[in-house]
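Start from chain U and add chain A according to the hints.
Order-wise, the sequence lines are chains U and A.
Numbering-wise (numbering that gives the first Met the number 0), the first sequence opens with residue 0 and increments by one.
Numbering-wise (numbering that gives the first Met the number 0), the second sequence opens with residue 0 and increments by one.
Source of the hints: derived by calculation from the structure; they are not laboratory data.
You may find that some hints are simply not true.
The list treats identical chains as one, so a pair stands whether inside a single copy or across any two.
Mimicking DSS-like on lysine-lysine, the simulated pairs with C-alpha atoms at most 27 Å apart in a straight line are [stated by the list, open to error]:
hint, residue 1, residue 2
1, K80, K38
2, K231, K265
3, K85, K38
4, K231, K161
5, K231, K255
6, K255, K1
7, K163, K256
8, K231, K269
9, K255, K271
10, K236, K265
11, K256, K271
12, K163, K231
As the structure is a computational prediction, the values presented were derived from the model and not from experiment.
One letter stands for each residue in the lines below.
Number of protein chains: 2
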Amino acid sequence: MKIVALAGGVGGAKLVDGLAQLLSPENLTIIVNTGDDFKYRGLYISPDLDTVCYTLAGLANPDTGWGRNGETFQVLENLQKLGVLKWFHLGDQDLATHIERTYLINEGLFLSQITRSFCHSWGVEYSILPMSDQPVSTMVDTIDEGELPFQEYFVRRKCEPKVKGFRFAGIDAAVPAPGVIEAIMQADSVVVCPSNPWVSIDPICAVNGLCDILATKINVAVSPIIGNRTFKGPAAKMFIELGIQPSPLAVARHYKKFLTGFILDKMDEKLKQEMSVPTLATKILMKDRDDRRRLAQDVLNLIQSLQ
Amino acid sequence: MKIVALAGGVGGAKLVDGLAQLLSPENLTIIVNTGDDFKYRGLYISPDLDTVCYTLAGLANPDTGWGRNGETFQVLENLQKLGVLKWFHLGDQDLATHIERTYLINEGLFLSQITRSFCHSWGVEYSILPMSDQPVSTMVDTIDEGELPFQEYFVRRKCEPKVKGFRFAGIDAAVPAPGVIEAIMQADSVVVCPSNPWVSIDPICAVNGLCDILATKINVAVSPIIGNRTFKGPAAKMFIELGIQPSPLAVARHYKKFLTGFILDKMDEKLKQEMSVPTLATKILMKDRDDRRRLAQDVLNLIQSLQ
Chain U
0 MKIVALAGGV
10 GGAKLVDGLA
20 QLLSPENLTI
30 IVNTGDDFKY
40 RGLYISPDLD
50 TVCYTLAGLA
60 NPDTGWGRNG
70 ETFQVLENLQ
80 KLGVLKWFHL
90 GDQDLATHIE
100 RTYLINEGLF
110 LSQITRSFCH
120 SWGVEYSILP
130 MSDQPVSTMV
140 DTIDEGELPF
150 QEYFVRRKCE
160 PKVKGFRFAG
170 IDAAVPAPGV
180 IEAIMQADSV
190 VVCPSNPWVS
200 IDPICAVNGL
210 CDILATKINV
220 AVSPIIGNRT
230 FKGPAAKMFI
240 ELGIQPSPLA
250 VARHYKKFLT
260 GFILDKMDEK
270 LKQEMSVPTL
280 ATKILMKDRD
290 DRRRLAQDVL
300 NLIQSLQ
Chain A
0 MKIVALAGGV
10 GGAKLVDGLA
20 QLLSPENLTI
30 IVNTGDDFKY
40 RGLYISPDLD
50 TVCYTLAGLA
60 NPDTGWGRNG
70 ETFQVLENLQ
80 KLGVLKWFHL
90 GDQDLATHIE
100 RTYLINEGLF
110 LSQITRSFCH
120 SWGVEYSILP
130 MSDQPVSTMV
140 DTIDEGELPF
150 QEYFVRRKCE
160 PKVKGFRFAG
170 IDAAVPAPGV
180 IEAIMQADSV
190 VVCPSNPWVS
200 IDPICAVNGL
210 CDILATKINV
220 AVSPIIGNRT
230 FKGPAAKMFI
240 ELGIQPSPLA
250 VARHYKKFLT
260 GFILDKMDEK
270 LKQEMSVPTL
280 ATKILMKDRD
290 DRRRLAQDVL
300 NLIQSLQ
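Chain U on its own, in the form it takes in the complex:
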């Protein structure tokens, strides 16, 4: 079975790791949100891409899910001594990625080429594609502080400002990165990982042409919400602030334009009757690599039943 996964950061990377435990590299392509990308002291940082790559390379920090395992912070500590504000917890190993990516982008290479080269260096055989080679910046519109760039909202303001909407700056000029459309066309199904619908999956779907092609596929989403809460990140808080009761149902409705199958947690099994697409209830919290594989198997089983 050929699968394309749409992923944001930590939650997405976990399910992607589960899928990679079951599928060979020619049968799994991962399309990753780049709306969170930002520059820090001139370095081009692509948090979701790195999280997915590090996870599949076995280099990720198992405690945080992001950043590198056994990381040190000499560069950051010395930047602080030079008076640089420390917003971002960037480690030394991780910084090598950012330095080299910045260098190659300034040399004129595309993010997709760079990501392929890095994956090759890290021994990752799966295709990990940025959603677009053109820069797209997720802007969070807030009630009290106006529009904030995503990382400013997420890291510096710790998701505290109340949101009233989102804008993906640059999206009009963005086209899918090479291989994105082809991978979706050839896939038996698209898996929407349990990432934030508003700021991880929506930017991917907003890239020109992606939504249209998704509408032609079997698309299975895994809820990032259990009960009325997320495991991690501000998705539930965003639903509330946008006037929507957070729940797996709200997530499924969010994806209604293209959704053909849904997976929610056993705890929310009663909601199956309200779902308008075939829905599987299973354990969706991924605490270890076995959980990831089991959930990925459930996803593949649901897809098979939909074919």
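Below, chain A without anything else, positioned relative to chain U:
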């Protein structure tokens, strides 16, 4: 006594440290060669400036004389894993300097402003000035391999190619950094540190107007050569390849346009009779901080005798 020191890297930084042990910040300004500056993976690296700054900040690696004390190399190791050739032994603490300098230069700040800001952060009260804010690149013309950028000659080719000349690319557009001319004008004397005459001191003197103003001052040089050898670096080898017998005498002749006093090693005391300027023979090898201070005191004593 108000002193300006002209310095390259390690040898220059040592004498500067000696002078700083004897002179207060308002009485010592250091003008540093930037002809060795280069870019590595897009990062702007200024080796001599950093060596002088780290030395006066007490941050320098006491074993090498360059780089940082207690340094780690996580970034470099991870750059290598991404396929980047490791020419330069750049540590993590050191890289923070290069990242921030690159960021600020790209923001439009001048190297002299950045250096002042970094020195302030590191607690260095002495004025350390780049020779110029405009980029100057020392090119080493070699017999067999044509013209090589300095770092390619020095680090990658380990000074092996035979030299036949030097060119300071960009020198025509370079003007002295703010404060350079003023510091020399106000100084009682200029100290030419025991740095490489060809590639550390000559680039400084080649900056527009510097040579002319030096000619109006008391200028005391410390030989970087003892007998026919240097303590470090390719100066002696360069003299030979350029057809000149390396010796303190050759160094003094090299500086003849502006030299008013000279210091050579006790071992070379017999050469004093051949010198055309007042010359002091003393122990010029600086093995520890006391040696640096003693040599600096000898320099100040010679200057006093010349006033």
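Cross-check of the supplied hints:
no.	hint	result
1	K80 / K38	both (20 Å within a copy, 23 Å between copies)
2	K231 / K265	within (18 Å within a copy, 71 Å between copies)
3	K85 / K38	both (13 Å within a copy, 25 Å between copies)
4	K231 / K161	within (17 Å within a copy, 62 Å between copies)
5	K231 / K255	within (23 Å within a copy, 71 Å between copies)
6	K255 / K1	within (23 Å within a copy, 77 Å between copies)
7	K163 / K256	within (22 Å within a copy, 72 Å between copies)
8	K231 / K269	within (23 Å within a copy, 78 Å between copies)
9	K255 / K271	within (15 Å within a copy, 92 Å between copies)
10	K236 / K265	within (22 Å within a copy, 77 Å between copies)
11	K256 / K271	within (19 Å within a copy, 91 Å between copies)
12	K163 / K231	within (20 Å within a copy, 64 Å between copies)
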